[in-house]
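Undergrad: Chains F and L supply the protein sequences, listed in that same order. So in this note's numbering, spot 410 of the first sequence is number 410, and the numbers just go up one at a time. Each number in this note's numbering comes from the position in the second sequence (counting from 1) with 1000 added on.
Hint data in this document are derived by calculation from the structure and do not stem from the laboratory. Treat the hints with care, since some could be wrong.
Stated by the list, open to error - Anything over 12 angstroms on all C-beta distances counts as not near chain L; from chain F, calculated: (1) Ala130; (2) Thr134; (3) Phe526; (4) Leu703; (5) Pro714.
Said to hold, decoys possible - Estimated spans, in silico, between C-beta atoms of each pair: (6) Glu782(F) <-> Ser1156(L): 34 to 44 angstroms; (7) Glu49(F) <-> Thr1055(L): 24 to 34 angstroms; (8) Gly22(F) <-> Ser1156(L): 47 to 57 angstroms; (9) Lys1069(L) <-> Ser496(F): 58 to 68 angstroms; (10) Glu49(F) <-> Arg1148(L): 30 to 40 angstroms; (11) Asn138(F) <-> Ser1058(L): 52 to 62 angstroms; (12) Ser1156(L) <-> Pro720(F): 43 to 53 angstroms.
Fair warning: this is a prediction, and the values are worked out from it, not measured in the lab. Each residue gets a CB set at the ideal place from its N, CA and C atoms; glycine is no exception.
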Amino acid sequence: MTSETGIGAAVKRKEDARFITGAGHYTDDINQPGQLYAVFVRSMYPRAEIRSIDVSSALAMEGVVAAYTGADLAADEIGDLPCGWMVKSKDGSDMIQPPHPPVAVSVVNYVGEPYAMVVAETLQAARDGAEAVTADFNELPVVVDLASAHGADQIHEAAPGNQCYDWELGDREATDAAFASADHVTSLDIVNNRLIPNAMEPRAAVGMYEAATGNYTLYTTSQNPHLERLILAAFVNVAAESKLRVVSPDVGGGFGSKIFVYAEETAVIWAAGKLARAIKWRADRSESFLADAHGRDHLTKAELALKADGTFVGLRVKTVANMGAYLSLFASSVPTYLYGTLLAGQYRTPAIYVEVQSVFTNTAPVDAYRGAGRPEATYVVERLVETAARELGKDPADIRRLNFIQPEDFPYETPVALTYDTGDYDASLKKAIELIGYDGFAERKASSEANGKKRGIGFSCYIEACGLAPSQVALSLGAGVGLFESAEVRVDVTGSVSVMTGCHSHGQGHETTFAQIVSDKLGIPFENVDVVHGDTGRSDYGLGTYGSRSLVVGGSAIVKATDKVIAKSRKIAAHMLESTEENVDFEEGTFSVTDSNQSITFPEVAFSAYVPGNYPLDELEPGLSEKAFYDPENFTYPAGAHICEVEVDPETGKVEIVNFVAVDDFGEIINPMIVAGQVHGGLAQGIGQALLEHAIYDESGQLVTGSYMDYTMPRADDMPNFVVDTTVTPCTHNPLGAKGCGEAGAIGSTAAVMNALTDALGVVDVPMPATPETVWRAMEGE
Amino acid sequence: MEDYARVVDRFVGFGGRTLEQSGQYRIPAARAVVWDALNDADVLAACIEGCESVTKLSDHRFDANITAKLGPVKTKFKATIEVSDRNPPQSYSLEVSVKGGMQGFGKGRAEVELAEDQNATLLSYRVEGNVGGKLAQMGSRLITAAGRKMADGFFSKFSERWADTI
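The following block holds chain F by itself, in its conformation from the complex (with noise of 0.2 angstroms):
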């Protein structure tokens, strides 16, 4: 059924109603009596040994009623910030993991790692306190360059030559012959530059406790609260997780950036138990911009090997990643799980094999940032393949058509480690080439050079794997949770529902989405049915959002509540019309019995079950409401088509991006309003990565792209009028036959601009981002 609000329909934003009228409620809308106001005191050096540190002054001043430094929450046994996911070196050893105490104690090695934390009545009064905590410090030497930080000097005790873990994936056997077999090879050098998330929201936490219970609530910017309440728990001592309730209520994006367990709200619960006040912190954007976990920093030599006609034979990829100055939550797996298994791209590249080296520099955190590792593989492949069409003499299209693993072929088993379901990469090229006029490029770009205007055109066809994830093949490969997904559908009395995900809105329209699912299946009112997210005390448990998985494992564990709630209802419905089970059918939110025209709704079914007169109780329970936790069997592959067509002003090396095709696969969707919206968002950012972003530490490791001033974000006028369009392999293996579109928009788009920049130039490369002055000197060949 298509209804105005079912499967499939463009229904406007339930959240949008309070979010454009000011009427959110987000963490810093917070407020409680008596609450204190935390500042943390952060370290300018890059590196340095932590001589002492005195918070007599702050402590005298007028407001401030506490001030304590790492050693005060070391004293009371507050564990370090953990890594969720252990990856193993080449000859078999676990990785890295250097102590990350979540305030420092000995050492300091990044700018902006919390030192100190001031509590006062006022956030005034917090801030000249901070102002007056002073420390000496002993300046050692920094590693900010990644190519040369393996054998610098080294910053964590346990970590020689500052390397987390040297990691391999596929057969390098198998793939060093297909390169002597070779009739071509193909190589590049590739930088994938650094980024900062930039939430709009930034993060922050009010932390509570009531002493007569100890019970501990944490309000808190997370994309995930059942595992920052596990985290928080079980590895760092806050509390018993029973006694500990996360709340993540309205959050203004994450990107990945909110999955992770930070300082600052380990801090702040802590300490509001030991004052038993309440605590409030905001991030200021500085704070952000030094404190929030980073993205991508990626240096890659990466080289496909081909036959003549272009037939890709194998390819050999090595990469440096930047893993900061210590590991944030998921840091490892990102360069390695989510970046080495999808080198195969939607090619039946025989053979593969994958290389990559993490290590520390003294710079902050990187970790997941939409995408996670597939913008990375994505680039290498995508640029890789373009780069030998046009050494080849070949059409980007043909050469990838010639390579694409065919419908025919799944599932398709990958040489590095995954098993693609379904797919069909020809239907998405073909009908993006369509959308973009390719037959038309050659004179689009003679028009443009009468103009004095270079054009370029560039493709990529990314895949991800996404709906994150078997638990059991992550915990096989070192993930340290599982990741199904927990849901729970309440019928009320009078037949609204109430849906609890263990999943998190921080932007995505879940409450939608999900909604859309349930009503459409129970055949209620949209408007009667509530989606409740981010509260341990609410639903039974989650995982959280990231990995475009909310949808696929979230919204296949509502399905499978919901199909229990409909079970049950049957059941009730055949007492209530006095038939059977087998006799009774249910459409569009009404039983009725086969061949007869006895039937009732599902609301009345509801009332039977809390109001049980007429009911079998004998064999069946009052009440009418059932929980489901599903774990996929597999990954989920959206896949697609960008194509990307520039114009450079050679006089100024100002890019203009005049087209934009995203021709996406995300199986069965739900609402293609809010598909379009991630797609939109997902593709300003991977342009932004392109021509505009870029995070830059000075050599003497402070960040002098720390403010708007100097960090280019992406503005509308930067971007063009998308086209977005879909097509549809329904996913094999779950419910909804839905793949994920939370990231594809990044995953895909970076690679299609500088195809088609480098196209435009006629260079082999240009580094990201292709701001004006980087385009000038590739045109000088500088």
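Put chain L on the given structure of chain F with help from the hints.
TA: Using the frame of chain F, we list chain L on its own:
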């Protein structure tokens, strides 16, 4: 991996930003007079914009309190200046360390040379330094311009002391 370093170096013009600046000023006074003035705490205090105090602890050490603005960051700085290679009245080197509380810090080395030029003195300086903390985060792009402005401001006031004598 040298290749990458090269690529990054070449294209990322604005990594590795240190302040490097040099300049020359003609001061209408005899070299010995200029030298004495440069070593006089009161003169320095009068010529440094935003200067609240300069204390001369010895021929080799000055402390100063200065309020300065770099882009959006305005703060009070405590500066310590260590004088080395003192070669009166011809040249000296300065190690400067500036601390601005939570706003950041700066450090640098300056070399100053005085040459006789008829009745006047040619002062040449070369400074190299870098900043950290919020100063780097917010203001690094502005440092060269700010440094130039500060030097120009200082020497223009410094030169004015002898304006009447010409």
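Undergrad: Lying within 52 to 62 angstroms: is that true of the beta-carbon distance Asn138(F) to Ser1058(L)?
TA: At 25 angstroms between Cβs, range violated.
Undergrad: So is Ala130(F) really clear of chain L, every C-beta pair being over 12 angstroms apart?
TA: 7 angstroms, violated
Undergrad: Determine whether the non-interface label on Thr134(F) survives the test: each CB of chain L must be over 12 angstroms from its CB.
TA: Given a closest Cβ separation of 9 angstroms, the condition is violated.
Undergrad: When you look at the beta carbon of Phe526(F), is every beta carbon of chain L farther off than 12 angstroms?
TA: It holds; Phe526(F) is separated from chain L by about 47 angstroms at its closest Cβ, greater than 12 angstroms.
Undergrad: According to the definition I'm using, a residue is off the interface if its beta carbon is farther than 12 angstroms from all beta carbons of the partner; does Leu703(F) meet that for chain L?
TA: 5 angstroms, violated
Undergrad: Gly22(F) and Ser1156(L), beta-carbon distance inside 47 to 57 angstroms?
TA: 51 angstroms, holds
Undergrad: If you check the beta carbons of Lys1069(L) and Ser496(F), does the distance land in 58 to 68 angstroms?
TA: 59 angstroms, holds
Undergrad: Does the Cβ pair Glu49(F), Arg1148(L) satisfy 30 to 40 angstroms?
TA: 35 angstroms, holds
Undergrad: Given the hint of 34 to 44 angstroms, is the C-beta distance from Glu782(F) to Ser1156(L) inside that range or not?
TA: Roughly 38 angstroms apart at Cβ, these two residues keep to the hinted range, so it holds.
Undergrad: Please test the hint of 24 to 34 angstroms on the beta carbon pair from Glu49(F) and Thr1055(L).
TA: 30 angstroms, holds
Undergrad: Mind verifying the non-interface call on Pro714(F)? Its CB should be farther than 12 angstroms from each CB in chain L.
TA: Pro714(F) is indeed farther than 12 angstroms from all Cβ atoms of chain L, at 19 angstroms.
Undergrad: Range first: 43 to 53 angstroms. Now tell me if the beta carbons of Ser1156(L) and Pro720(F) are that far apart.
TA: Once the Cβ atoms are compared, 50 angstroms apart, the range 43 to 53 angstroms for Pro720(F) and Ser1156(L) holds.
Hint check: violations occur at hints 1, 2, 4, 11; the rest are consistent with the structure.
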